[in-house]
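**Q** Going down the list, the sequences are from chains B and D.
Quick note: my numbering has the first sequence finishing at residue 430, numbered continuously throughout.
Quick note: my numbering has the second sequence finishing at residue 430, numbered continuously throughout.
If you are wondering where the hints come from, they were derived from the structure by calculation, not from laboratory data.
Beta carbons: idealized from backbone N, C-alpha and C, even for Gly.
Among the clues, some could well be false.
[As the list claims (entries may be wrong)] One-sided excerpt, in silico: chain B residues whose CB lies under 10 Å from chain D: (1) His-185; (2) Glu-207; (3) Leu-222; (4) Leu-225; (5) Ile-228; (6) Glu-230; (7) Asp-233; (8) Ser-238; (9) Asn-246; (10) Ala-253; (11) Glu-257.
There are 2 protein chains.
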Amino acid sequence: MDFLAPYAALFEKQLQNLDYPKKPETLYRPQRYILKNGGKRIRPILSLISCGICGSDPVKAMPAALAVELLHNFTLIHDDIMDQADSRRGEPSVHKKWNEATAILSGDSMFAHSLLQLQNISEDVDHKKISDLFLKAINKVCEGQAMDMEFETRNDVTIDEYHQMIDGKTGALIGAAMQMGGMCGSASQNQLEKLLVIGNSLGLAFQIQDDWLDVFGDPEKIGKRKAGDIHEGKKTLLMLSALERCSKTEREVILGYLDNKPLSEPEVEEVVKIFESNGIKEETKDQFLKHYRHAEKALREFGDSNYKQDLQHLIKFLKNRES
Amino acid sequence: MDFLAPYAALFEKQLQNLDYPKKPETLYRPQRYILKNGGKRIRPILSLISCGICGSDPVKAMPAALAVELLHNFTLIHDDIMDQADSRRGEPSVHKKWNEATAILSGDSMFAHSLLQLQNISEDVDHKKISDLFLKAINKVCEGQAMDMEFETRNDVTIDEYHQMIDGKTGALIGAAMQMGGMCGSASQNQLEKLLVIGNSLGLAFQIQDDWLDVFGDPEKIGKRKAGDIHEGKKTLLMLSALERCSKTEREVILGYLDNKPLSEPEVEEVVKIFESNGIKEETKDQFLKHYRHAEKALREFGDSNYKQDLQHLIKFLKNRES
Numbered sequence: 108m109d110f111l112a113p114y115a116a117l118f119e120k121q122l123q124n125l126d127y128p129k130k131p132e133t134l135y136r137p138q139r140y141i142l143k144n145g146g147k148r149i150r151p152i153l154s155l156i157s158c159g160i161c162g163s164d165p166v167k168a169m170p171a172a173l174a175v176e177l178l179h180n181f182t183l184i185h186d187d188i189m190d191q192a193d194s195r196r197g198e199p200s201v202h203k204k205w206n207e208a209t210a211i212l213s214g215d216s217m218f219a220h221s222l223l224q225l226q227n228i229s230e231d232v233d234h235k236k237i238s239d240l241f242l243k244a245i246n247k248v249c250e251g252q253a254m255d256m257e258f259e260t261r262n263d264v265t266i267d268e269y270h271q272m273i274d275g276k277t278g279a280l281i282g283a284a285m286q287m288g289g290m291c292g293s294a295s296q297n298q299l300e301k302l303l304v305i306g307n308s309l310g311l312a313f314q315i316q317d318d319w320l321d322v323f324g325d326p327e328k329i330g331k332r333k334a335g336d337i338h339e340g341k342k343t344l345l346m347l348s349a350l351e352r353c354s355k356t357e358r359e360v361i362l363g364y365l366d367n368k369p370l371s372e373p374e375v376e377e378v379v380k381i382f383e384s385n386g387i388k389e390e391t392k393d394q395f396l397k398h399y400r401h402a403e404k405a406l407r408e409f410g411d412s413n414y415k416q417d418l419q420h421l422i423k424f425l426k427n428r429e430s
Numbered sequence: 108m109d110f111l112a113p114y115a116a117l118f119e120k121q122l123q124n125l126d127y128p129k130k131p132e133t134l135y136r137p138q139r140y141i142l143k144n145g146g147k148r149i150r151p152i153l154s155l156i157s158c159g160i161c162g163s164d165p166v167k168a169m170p171a172a173l174a175v176e177l178l179h180n181f182t183l184i185h186d187d188i189m190d191q192a193d194s195r196r197g198e199p200s201v202h203k204k205w206n207e208a209t210a211i212l213s214g215d216s217m218f219a220h221s222l223l224q225l226q227n228i229s230e231d232v233d234h235k236k237i238s239d240l241f242l243k244a245i246n247k248v249c250e251g252q253a254m255d256m257e258f259e260t261r262n263d264v265t266i267d268e269y270h271q272m273i274d275g276k277t278g279a280l281i282g283a284a285m286q287m288g289g290m291c292g293s294a295s296q297n298q299l300e301k302l303l304v305i306g307n308s309l310g311l312a313f314q315i316q317d318d319w320l321d322v323f324g325d326p327e328k329i330g331k332r333k334a335g336d337i338h339e340g341k342k343t344l345l346m347l348s349a350l351e352r353c354s355k356t357e358r359e360v361i362l363g364y365l366d367n368k369p370l371s372e373p374e375v376e377e378v379v380k381i382f383e384s385n386g387i388k389e390e391t392k393d394q395f396l397k398h399y400r401h402a403e404k405a406l407r408e409f410g411d412s413n414y415k416q417d418l419q420h421l422i423k424f425l426k427n428r429e430s
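Put together the whole structure using the sequences plus the hints.
**A** Here it is, written out as C-alpha cells:
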C-alpha cells in the first residue's frame, strides 16, 4: 500500500510525538507498548483522507485521527482480556505482559486520552457535535462487542443481528473516523452523510471478508490456523447463512457440533463441505463485494482529487487482499 | 443528612428517568444494577449544591451531576475487578454477578454514557471547557488508582506520594463534580478556583478519615472488620506516618509484617500499639480536620444562601461521622 505511506508517515510521527506522561509507569508503559506494536493504522489514515476529499489539508484532521487510533487501541487492550487472547500482532497482549488489573486500568486511561485529543481540534469545528458523534460510535462499538459475546451462547442468532453486531464492532468506528475527519475539513452535511456510508460499508465489507478469508483464504498468507472461526464455533455470516440455507439434516449436524465446541478437524472439514455444497462461499463473497461497491459508489459523488484517488486505490486494495 | 434529602430526591428521580437502552441485555443490565444498588450520591449532590452557591438553580447542573455519578459507578465496576472485591454495598459486585468480561465492557459503556450526559448541558456553557475539566479529572482518577496498585508491592512509598494518590483517586472527581456544577451555574473564575479547593480538600479529608476510622472507629458502626487496612498491609497515611516516625526497631517489625501480608491478629494489634505510642492517632486526626477546615474557609468566601448553609452542614456532618 505504497500510496498510503505518506499518510502513515505523517500519522506515525504525530503519534510518536504524543505527549504521554511517564508516570505512573504501570499506567502509561502498557499504553506506549500497544501503540508501538504497530497495526495498519487504517482508521486514522481514513480520517486524514476524508478531510482531504472534503477539500481541506488532511493535517487538520490529525487530532481526530489520534483520537480514533487511541480509542481503537483501548478496545484492543480490553477485547484481548475479554477474549482471553494471549497475543496481539505477534507480541504478548497487555494483560499477559502485565496483568489484568493493569490492562483494565491502562485501557480506561487510554479511553480518556483518546477523548482529550479532541481538545486540539481547530476552534472552527463544533466541539459538542464532534464529541457527540465520537461517543455514540464508541457506544455502538461496546454494543457490538456485547452482541458478539452473547452470540457465543446462542444458537438462534439471525443474519440481521449479525449485521447489527459487525456494524457496531467494526463499522461504527470506521464510519466515525471518516466523519470526524470530514468535520475537521469543514465537510457539508451531504458530504458527512456520504462519508458515513463509505465508512460503514467498508467496515461491513472488511469484516465479512475477514470471516471469508478465515475459511477460504490461504492460511500461509493469513498467518492463522485455517478455519479457526469454525473450529471455535463462531457465528460468522458464513455459518449463519449455512444454517439458514442448508438441509434439515445438515442443520442438525452443524448445531450438534456447535453444542460441543470447539470443533474437531473432521468436524471443521464437514462444515466447510456444507458451506461449499450450499453455495455459501460464492454468496458470501458476493456480499462483501457488494458492500465494497456501495462504498465506491458513494465515493464517486466527491469531486476529483488526489485524496479521492488514494481512497479509490485503498478500497481496490482491500477488495483484492488475500490476508 | 435530612438537609440533603431534597437534592437526593431530585437527583434520584433524574437518574431513574435516564433513557438507558434495554439491549444488548448483558451490556445494560449490569449498569442499571449498580445504579439501583444505591450509594450516598455525595458527588452529584455536590454538583447541584455548587451550582446553587454560585447563584443559579441547582437543576441546571443535573447533566453534570449525572455524568459524575455514572463516571463514579463505572470506576466502581472496574475497581471491584482490579481489587477482586466480591461484594459492593452488600450485593454481589458486577463481575461476580455476571463475569469479568461483562463487567469490563459494561463499565466501558458506562464511561461513554457518562460523557454523553455532558451533551445535555445548556448551550451557554462552554462544552469544550467542561469536557476538558472532566476528562483531566478522570485521568487523575486512573493515575491515583495506578499509584494505589503500585503501592501494594512497594515499601518505600512517601507521604507525598500518598497524598498524590488520594488526590487522584478521591479528590479529583469530587473537585470536578463541584467545578462542573459551578460551570453550569455560570461561576466566575474565582468561584471555580474556590470550588476546586473545597472539592479537593473534602476528598483528602474524607479519605484520610476513612483510613483513620478503619483503625480507630467503632467496627460495629462501620460494618467492616476492625483495622482491615492494617490486616491487608495497606499503605495508608497512618502506616506511612508510623514508618516515618517510629523507632528503628519498630520500623523493622512493621516492615517484616508487611513483607508477609496479610497480617495476623496479634501482628495487627502490635501495629495499632505502635501507632498509638507514637501519637499517630492524634496526628492523623489533626490532618483530616485540617483539610475540613481548609474546605470551610474557602466556602466562607461565597455569598450567603441556603445552598451555602447546606454545604456547611454537610461538611460538619462529614467531619463528625463515625462510619
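**Q** Next, verify each hint and record whether it holds.
**A** Hint check:
1. Among the interface hints, the one on His-185/B holds; its C-beta lies about 6 Å from the nearest C-beta in chain D, closer than the 10 Å criterion.
2. The closest approach between the C-beta of Glu-207/B and any C-beta of chain D is roughly 7 Å, which is under the 10 Å cut-off, so the hint is satisfied.
3. Because the smallest distance between the Cβ of Leu-222/B and any Cβ of chain D comes to about 5 Å, under 10 Å, the interface hint for this residue holds.
4. Evaluation of the Leu-225/B hint against chain D yields a held restraint, the C-beta minimum of about 8 Å falling below 10 Å.
5. Among the interface hints, the one on Ile-228/B holds; its C-beta lies about 9 Å from the nearest C-beta in chain D, closer than the 10 Å criterion.
6. With a least beta-carbon distance of about 9 Å to chain D, the hint placing Glu-230/B at the interface is held under the 10 Å criterion.
7. For the restraint placing Asp-233/B at the interface with chain D, the shortest Cβ-Cβ distance is roughly 9 Å, inside the 10 Å limit, so the hint holds.
8. Among the interface hints, the one on Ser-238/B holds; its C-beta lies about 6 Å from the nearest C-beta in chain D, closer than the 10 Å criterion.
9. With its C-beta approaching chain D no nearer than about 5 Å, Asn-246/B sits inside the 10 Å limit, and its interface hint holds.
10. Taking 10 Å as the C-beta cut-off, the interface hint given for Ala-253/B holds, the closest approach to chain D being about 4 Å.
11. A cut of 10 Å between beta carbons decides the hint on Glu-257/B: the least distance to chain D is about 6 Å, and the hint holds.
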